[in-house]
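**Q** Chains as they are written, first to last, in my numbering: chain U, 1 to 116; chain W, 1 to 108.
Hint data in this document are derived by calculation from the structure and do not stem from the laboratory. A hint or two may mislead.
[Claimed, not checked] No farther apart than 27 Å at their CA atoms in a straight line, the calculated lysine-lysine pairs in the DSS-like style are these: (1) W/K54 - W/K107; (2) U/K71 - W/K54; (3) U/K44 - U/K71; (4) W/K5 - U/K44; (5) U/K62 - U/K51; (6) U/K62 - W/K68; (7) U/K71 - U/K27; (8) W/K71 - W/K5; (9) U/K44 - U/K62; (10) W/K71 - W/K54; (11) U/K62 - W/K5; (12) W/K5 - W/K56.
These numbers come from a predicted model, not from an experiment.
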Amino acid sequence: NAGVMQNPRHLVRRRGQEARLRCSPMKGHSHVYWYRQLPEEGLKFMVYLQKENIIDESGMPKERFSAEFPKEGPSILRIQQVVRGDSAAYFCASSPQGGAGANVLTFGAGSRLTVL
Amino acid sequence: DQQVKQNSPSLSVQEGRISILNCDYTNSMFDYFLWYKKYPAEGPTFLISISSIKDKNEDGRFTVFLNKSAKHLSLHIVPSQPGDSAVYFCAHNNDMRFGAGTRLTVKP
Numbered sequence: 001n002a003g004v005m006q007n008p009r010h011l012v013r014r015r016g017q018e019a020r021l022r023c024s025p026m027k028g029h030s031h032v033y034w035y036r037q038l039p040e041e042g043l044k045f046m047v048y049l050q051k052e053n054i055i056d057e058s059g060m061p062k063e064r065f066s067a068e069f070p071k072e073g074p075s076i077l078r079i080q081q082v083v084r085g086d087s088a089a090y091f092c093a094s095s096p097q098g099g100a101g102a103n104v105l106t107f108g109a110g111s112r113l114t115v116l
Numbered sequence: 001d002q003q004v005k006q007n008s009p010s011l012s013v014q015e016g017r018i019s020i021l022n023c024d025y026t027n028s029m030f031d032y033f034l035w036y037k038k039y040p041a042e043g044p045t046f047l048i049s050i051s052s053i054k055d056k057n058e059d060g061r062f063t064v065f066l067n068k069s070a071k072h073l074s075l076h077i078v079p080s081q082p083g084d085s086a087v088y089f090c091a092h093n094n095d096m097r098f099g100a101g102t103r104l105t106v107k108p
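Make a model of the complete structure from these sequences and hints.
**A** So, in structure tokens, the structure goes:
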């Protein structure tokens, strides 16, 4: 029973390129969260999705960032025209039940984006 | 507007002693608070939770206390071990926002 799978683990992009980060939730989990951790900072919430729906994107930057969780396949966090300030670790987490109950999140190992 | 705050960025304790990590919150509408632990280059892992109807939850060396009147919760680790050295985050289940984290260092 694989946990939350994120890939790539490491991604290097030049300024202006696009970055796509993928997240496969745990089996049976239909809720996905994305977080960003900048160097020496905490975990900042970005977006919460269910299958085919964005539930809360209040933490997403207004431009260049988008997320999706299609009916089939992994969740994708897409960053267009990357800048050096986008360099960070991006963590995905999943849960089976959204906001109900304790809503324990299972995290992936993260994707570390470096923008040159 | 950060709803959970961890005001101590770091804490250092001696092995065998108690570690106390603190978290304050502003929104009283929650069902659970959760603590996560994070090692470098890894994702956070769930540690312990507490329901809003309780004031204490214990799991082995880890105990979480909830003081609703003060809107404050704390995580106690006793006895602390070097393997506990990590960053600890608190979060509440309503919106899954995390505090800024406290880096715990347990010295042998």
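**Q** Work down the list of hints and note, for each, if the structure agrees.
**A** Against the structure, the hints:
Of the supplied pair hints, the one linking W/K54 and W/K107 is violated, its CA atoms being roughly 32 Å apart against a limit of 27 Å. The suggested pairing of U/K71 with W/K54 is violated, with an alpha-carbon distance near 38 Å, which exceeds 27 Å. Simply put, U/K44 and U/K71 have alpha-carbon atoms about 26 Å apart, close enough for the 27 Å limit, and the pair holds. With a C-alpha separation of about 13 Å, the suggested pair W/K5 and U/K44 falls inside the 27 Å cut-off, and the hint holds.
Our distance criterion of 27 Å between C-alpha atoms is met by U/K62 and U/K51, whose separation comes to about 22 Å. A threshold of 27 Å between alpha carbons decides the hint, and for U/K62 with W/K68 the separation of about 35 Å lies outside it, so the pair is violated. Proposed proximity of U/K71 and U/K27 is supported: the alpha carbons are some 14 Å apart, at most 27 Å. Pair hint W/K71 plus W/K5 holds up; C-alpha atoms about 11 Å apart against a cutoff of 27 Å.
The suggested pairing of U/K44 with U/K62 holds, with an alpha-carbon distance near 15 Å, which does not exceed 27 Å. With a C-alpha separation of about 13 Å, the suggested pairing of W/K71 with W/K54 holds against the 27 Å cut-off. For the suggested pair U/K62 and W/K5, the alpha carbons sit about 25 Å apart, so the restraint of at most 27 Å is met. Between W/K5 and W/K56, the direct Cα distance comes to roughly 19 Å. Compliance with the 27 Å bound is thereby established for this hinted pair.
Hints 1, 2, 6 from the earlier list are contradicted by this structure; the remaining hints agree with it.
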